[in-house]
Amino acid sequence: MDAFRATFRNEIIKLYKKKKAIAAVIISLLVIVAGQLLISGVRYGLGIRGAGSADFPILILSAVINTILPLFTALVAIDSFSGEYAQNSMRVTLTRPVSRIKLFSAKLAAIAAFILAMLLLLLVFSLLAGFIFNDHSATAASVSRTVIAYLISLPPLMGLAAGIVLLANALKNGISVFFLAVLLFIALKMLALFFPHYTALFLTSQLDWYNLFLIDQWPLARILRQILLMTGWGAMLFIVGFYLFDKKEF
Amino acid sequence: MDKAIEIQNLTKIYPNGRGIREISLDIYPGDIFGFLGPNGAGKTTVMKIMTGLVRPQRGDVKIMGHSVLDDYEKAMAQVGCLIETAESYPFLSAGDNLRQWARYYPGVAEQRIDEVLELVGLLPYKQEKPKRFSLGMKQRLGLAAAILSRPRVVILDEPLNGLDVEGMIDMRKLIQRLAEQEQTTFFISSHLIHDVELTCTRVGIIFDGKLLSIARTEDVLRDYASLENYFVSEVESNGRVPGNISQ
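Sequences listed follow chains B and E, in order. Under the working numbering, think of the first position of the first sequence as 1, with each following residue one higher. Under the working numbering, think of the first position of the second sequence as 1001, with each following residue one higher.
If you're looking for bench data, these hints aren't it; they were derived computationally from the structure. Some hints could be false.
With a Cα cut of at most 25 Å, we get these calculated DSS-like pairs of lysine-lysine [claimed, not checked]:
hint : chain 1 : residue 1 : chain 2 : residue 2
1    : E       : Lys1074   : B       : Lys247
2    : E       : Lys1173   : E       : Lys1003
3    : B       : Lys247    : B       : Lys102
4    : B       : Lys17     : E       : Lys1074
Kindly generate the complete structure, drawing on both the sequences and the hints.
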């Protein structure tokens, strides 16, 4: 467990010291600013309410969950594996007293921590912007629903991260991994349009599952089905990703 | 006597047919073992298997009694290594790089980081990022990382690459001091045969993936004018005769 903890801490420090993490924070804040400017423009220009303080954070989540969050997840996941293969720095960690399963798990845990930090950052700032600049429509219930919507967006993003990590261990080049991941993401989104009955099965469609928690009466059967599907995807992608990582020679 | 490193029937053949075959070797605590062989003989493959970077098709390596295949964490807890090139994170300072590696070992504090940087002559550059370092400085940082945890076994693949004459002399003295005073065991590969002669207490010669011979350096120098003469003689007489392994 000490080796896992040491690796996790190292990964978090590396993320913190890289410019990508800072860029992600800045872009996330810019999205909130742009969203707020848009809402204010609609309100004062067209006389339409746009979004109240309760709706604004959900509006932001719906905008980022299929755009910048998967993008940053991909960049961080690729950097954590393909980036270190390219620099040969993975070898430095592999020759420390840490097993490959602990190293692999700690890297994924650090990616999860990064995604969670991004979600919390977006949540806090969108809530603040919602309260300061928009109509006060928020209630305790709507705020708690918003918090839940942000937090439960972590598992589908982690499923996506596990898929990208698998690709990073299957392909040699980080750029190939990035473009293949983008192509697969778009392809799955398109498939969901053409085969709406099978939407729930696709990893990319699960990104929108936070909508199930915005309803007053939670559809428990659908939520359970989504949890099982995500667990299945996550387990498969983790196992295959680790298999490829474990077989790698340096 | 307990063995520091025990290599048993190590075999790894790459798809191109190159690799190592049935390498068996014992190294004892305090040994400075020089692993000699021409380019492509299999030195790095052996060292990569010893450090878990490559898996063998057959055989095993035990370090301080722990198998690198079955008990990797315990085996590597006793090892410091530098394989092929000294790699580091270019976006972290030299000090931060060492802090990253120090977290894997209990009791390696900031003082020890300063101590190893001082030993390799990099203390004034602790806050600088290795991307601005010369090849020699990167190599020194790699060596600092290898000895950071006061390992009982140090595995060094071409440790003198990029070092100037002064650096080579310092490194030789450091290796000899650690072996004598702390009973650290060294497993070193180098193409600088003269330096191996001056540093190592035992030598092994590998050729075409097979271990040809193992001998004490002082015994070799009693029979031959130099280690180079012994190396050439061994390769010439045994290299082309498969299976002729003398230990």
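Results for each hint:
no., hint, in the structure
1, E:Lys1074 / B:Lys247, "20 Å, holds"
2, E:Lys1173 / E:Lys1003, "24 Å, holds"
3, B:Lys247 / B:Lys102, "15 Å, holds"
4, B:Lys17 / E:Lys1074, "30 Å, violated"
When held up to the earlier numbered hints, the structure conflicts with hint 4 and nothing else.
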